Structures are given as structure tokens and as C-alpha cells.
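The chain contents come next:
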Amino acid sequence: MDNGRVKKGINFVNLVDIGDPAAIAAEYERQGADELVFLDITATNQKRQTMKEVVESVSRRVFMPLTVGGGIKSVAQMQLLLKAGADKISLNTAAVVEPQLITKGAQKFGRQCIVVAIDVKKNSATGQYMVFTSGGQHGTGLDALDWAEQAVSLGAGELLVTSMDKDGTKSGFDTELYRELTERVDVPIIASGGAGKLNDFTAVFCKGKVDGALAASVFHYGELTISGVKDTLKKAGVNVR
Amino acid sequence: MLTIIDYDAGNTYNVKKAFDFLGVKTRLTADPAEILASRGLILPGVGAFAPAMQTLRTRGLDTVIKKAVMQKTPLLGICLGMQLLFESSSEYGEHKGLGLIPGKVIALPRKKGYKVPQMGWNENELIQKNSVFSFVAQQYTYFVHSFYADCDNKYIVSRVDYSVPVPAIVQNKNVYGLQFHPEKSGNVGIKILQTFVKEIIYNDNSGN
Chain G
95 MDNGRVKKGI NFVNLVDIGD PAAIAAEYER QGADELVFLD ITATNQKRQT MKEVVESVSR
155 RVFMPLTVGG GIKSVAQMQL LLKAGADKIS LNTAAVVEPQ LITKGAQKFG RQCIVVAIDV
215 KKNSATGQYM VFTSGGQHGT GLDALDWAEQ AVSLGAGELL VTSMDKDGTK SGFDTELYRE
275 LTERVDVPII ASGGAGKLND FTAVFCKGKV DGALAASVFH YGELTISGVK DTLKKAGVNV
335 R
Chain U
1080 MLTIIDYDAG NTYNVKKAFD FLGVKTRLTA DPAEILASRG LILPGVGAFA PAMQTLRTRG
1140 LDTVIKKAVM QKTPLLGICL GMQLLFESSS EYGEHKGLGL IPGKVIALPR KKGYKVPQMG
1200 WNENELIQKN SVFSFVAQQY TYFVHSFYAD CDNKYIVSRV DYSVPVPAIV QNKNVYGLQF
1260 HPEKSGNVGI KILQTFVKEI IYNDNSGN
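Residue numbers (the numbering used here), protein chains in the order written: chain G, 95 to 335; chain U, 1080 to 1287.
Check each hint, because a few of them may be wrong.
Stated by the list, open to error - Derived lysine-lysine pairs resembling BS3-like cross-links, with alpha carbons at most 25 Å apart:
| id | chain 1 | residue 1 | chain 2 | residue 2 |
| --- | --- | --- | --- | --- |
| 1 | U | K1095 | G | K146 |
| 2 | G | K328 | U | K1191 |
| 3 | G | K177 | U | K1270 |
| 4 | U | K1191 | G | K301 |
| 5 | U | K1175 | U | K1252 |
| 6 | G | K202 | U | K1194 |
| 7 | U | K1095 | G | K177 |
| 8 | G | K215 | G | K328 |
| 9 | G | K202 | U | K1175 |
| 10 | U | K1096 | G | K177 |
| 11 | G | K303 | G | K291 |
Unchecked claim - Simulated restraints on C-beta separations:
| id | chain 1 | residue 1 | chain 2 | residue 2 | range |
| --- | --- | --- | --- | --- | --- |
| 12 | U | Y1193 | G | T319 | 28 to 38 Å |
| 13 | G | K202 | U | S1242 | 26 to 36 Å |
| 14 | G | R278 | U | I1185 | 28 to 38 Å |
| 15 | G | E243 | U | L1115 | 47 to 57 Å |
| 16 | G | E147 | U | R1106 | 18 to 28 Å |
| 17 | G | S265 | U | M1080 | 54 to 64 Å |
| 18 | U | P1181 | G | A120 | 40 to 50 Å |
| 19 | U | D1229 | G | R278 | 50 to 60 Å |
| 20 | U | L1101 | G | K328 | 28 to 38 Å |
| 21 | U | R1106 | G | G113 | 46 to 56 Å |
Hints in this document: simulated from the structure, not taken from any laboratory.
Note that this is a predicted model, so its numbers are computed, not measured.
Even for Gly, the Cβ is constructed at its ideal location relative to N, Cα and C.
Please work from the sequences and hints to get the whole structure.
Printed below as a string of C-alpha cells:
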């Protein structure tokens, strides 16, 4: 999301406008999506108000779990978005800057409400997964697996982990990243970045052991349908709705 | 008029939006007279058992709800609101509930492969075949909870499997409860709320 519109990029840049969020959300519900995640990718204070309005309009006509994130820095902002209709709050940069924000949110709203989003880039020299913040622009020097573990111990009830290397490339999820993550933490992990073909979803559920997979481009552009993905997963023995 | 009982529960606005979507007028109130004059009551809820029960007591709503139920007003508890209908809960110590359905609320067991809280969609197994909610058979609804109701089978309309059988829809006469979030369960959830209004409040086909 950017300025109240749905947008999608490749490797976090070259954003293309996709359309009106409430209409897109309603269409995804019709197709059988299980959850929706709204991330305000260029959040500023002025746009925060836009996001609140978007959450309000989506939650009036779409009845599935909504996760909202982007630029949230305080418990008061969390409360505002939850009241507008969000079910879960996603923290990314602010959680790295102020890890106690995870704990404060979890204590006030419950762990199930606090999602920590982690944007990960693999260091090609060392093979280490590293955490990036500020929409992927800032390298933190944090190890992604260590940060995931810390976020959970601070109160995160779910992790939304995006592979920046895979984002928008449609070359498959980074199943190795998710396999390592699911061995380290025991909260639900949502994989994001790289969905291109039906088998990519099977791989990330079966080999990556994730609890959910997020896809944007392939659905936004109608290249895959949600029901097509679910049928493929069912045939592979993955328990889906 | 359908009343949503106002005790600052987390999901109140989303429950209200679901009824708005259905074109069902609701009133959000903590006023005893308005609650007692209602055709139907909704008890929403997200959060922990003890503080929720405390808020109900502070506002005198526990006795008002019990009185309304004695007047045969249909009552629907949602998520924590459903758990409050039982006799007690062991969430952070032992706490008394409203006692409108026999049974107690206990923690989901810790078992490998089953993350707690249960967060996500789970498939309903229908137990009471002649319930107005029989359409939930094999349908998925959305759960977020760490505790569940341990009660006699005769109060269970449908259940889901989460390492133990978890009551999903419960009923004791005019008192109904949903462990899942109908306001977050897509079409099935909306149909459950619609059925509660059409079949139970305005038709009384509940069989009791």
C-alpha cells in the first residue's frame, strides 16, 4: 500500500499501482483468501490517516483476518488501527529500533495480535540471512534467525518473513530460509517473496514447514488463482481450508 | 432490537460491522433496561477471562445478562464472550464465569505440531445434526484462542480437532456460544450471524 492504493514492486522497488484496496480485498475474499495483509510501504504521519480509512472501509465489507503494518511506532497507533478494524498489527522497523514495543503491544492486546515482519537479504559471501529495515533500505547487521528468536521471546505471536532476494521475482520462495526459521521458533511463520508457480507454494509448506504463504504479484495480476493454489496444496497433502 | 453488550471488548466494532453488512440494526449499550428489553443479545470478547468478567461485574452486567437469559432472550457469546458463559476458567488462576452453560474453560494442551494459541482456520465437525447451524458441517471457521470449553457433549453443536476435541459452537437452551470469530470467518461466519438473527431471534426454531 502506498498513499491509499495497492502497489507492488520487484525487490522492493519499481512500484506499480494495482488499484483500490477495498475492491481488491473483496475480490480476494470471494476467491477464498484466508487472511489479508496491508503494509503501508511508504508510511508517513499523513498517510497513517489514509491507512486508518482504508482499514475501516475494508473491514466493513471483508470478513477475514486483517493484518496492518507500516510505520507503526506506538501502542496508541496500534490501538487506532485495531479500532478501525485491524486484527493484527505488523511491526518491522520500529521493532528493531525499539524492541520493547513488541512487548508493550503484546501485553496490551495479546501476543496473537502482534506480528513482527522481518525483511531478509542473504549475504552472498557468508550465506548468512541479514535483517533489513526501512522498506529494505537499511542494513541492520542483525542476523535474521537470531532476531526472529528474540522477537518471539519479546512477545511476537507470528512472524511475517519476506525474502528481499525473492520479492517480486516469481522464482520460488526461499524454502531454506523458512526451514531454518521454523526450527528455531514455534510461532506461526508466514512466508513471503518469490511466489511464481503452483509448485512454489507446495515447496514452502512441505519443505519450509511454514504456516502460511503470502503472495501479491501472482494474485494481483491474475496469473494464479487462490483456489488453484489451494487445490494444488490439497493434492500434496497440505491441510488447507 | 439486537443488542451488543458494551464492556469495551476488543472485537465489538468488527462484530457490529458484520451485522451492519447484513442490514441488521444493532445497539451497543451497557444500559440494563435496554438490555432487558432486547430481542437478542450478543456478548463479544477478545482478551483474558478475569478482567473481562471483572468489567461485567463492575457494570452490573453479570446479573443483567442472567436475568435476560431467564426471560428467554437469545444470547450469543463470541470467542471470549463464549468462554464467559461457562461456570469457570483456569486462565491465570481460577475464576467464576456467568454459569449459563455447565462446564469449565481450560488451557489447550501443549502438544507437538499444535501451536498455542490456535490461530487460524479449522474444520467443523457437526455433532447436533438438527441444529439451525447444521450448515457448518465440514466448513472452516477462524479461531484465535489458547483456552477451550470442557463441557458435556450435549451442549456441543459442532467441534474442531486441535489435538483435543474443541467445542466450536455450543448451546444450552437459549444460550449460544461460538469459540471462533464469525466476524472473521468469511461467508460461513456471516451466515451464522444471519441464522442467529433470522432463525433464533425472530423465529425461535431453536427446538427449546
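Holds or violated: G:K328 to U:K1191, with C-alpha atoms at most 25 Å apart: Holds, at roughly 22 Å.
C-beta pair G:E147, U:R1106: status relative to the range 18 to 28 Å that was hinted: At 25 Å between Cβs, range holds.
Pair hint U:K1095 and G:K177, alpha-carbon separation not exceeding 25 Å: The given pair, whose Cα atoms are some 12 Å apart, holds under the 25 Å limit.
Pair hint outcome, G:K202 versus U:K1175 [Cα-Cα no greater than 25 Å]: holds, 23 Å
Proposed proximity, G:K328 with G:K215 (alpha carbon, max 25 Å): violated, 31 Å
Pairwise hint evaluation, U:K1270 against G:K177, where the allowed Cα distance is 25 Å at most: holds, 24 Å
Pairwise beta carbon distance, G:E243 to U:L1115, judged against the given window 47 to 57 Å: holds, 52 Å
Given pair status - G:K146, U:K1095, alpha carbons within 25 Å: holds, 18 Å
Distance restraint evaluation - U:P1181, G:A120, Cβ atoms, bounds 40 to 50 Å: Given range 40 to 50 Å: holds, Cβ gap about 41 Å.
Satisfaction of hint between G:K291 and G:K303, Cα-Cα up to 25 Å: holds, 18 Å
Supplied distance hint 50 to 60 Å, evaluated on CB atoms of U:D1229 and G:R278: Violated: the Cβ-Cβ distance is about 33 Å, outside 50 to 60 Å.
Hint check for U:I1185 and G:R278 - Cβ pair distance inside 28 to 38 Å: Since the Cβ atoms of G:R278 and U:I1185 sit about 29 Å apart, the hinted range of 28 to 38 Å holds.
Comparing the model with each numbered hint stated earlier shows that hints 8, 19 and 21 do not hold.
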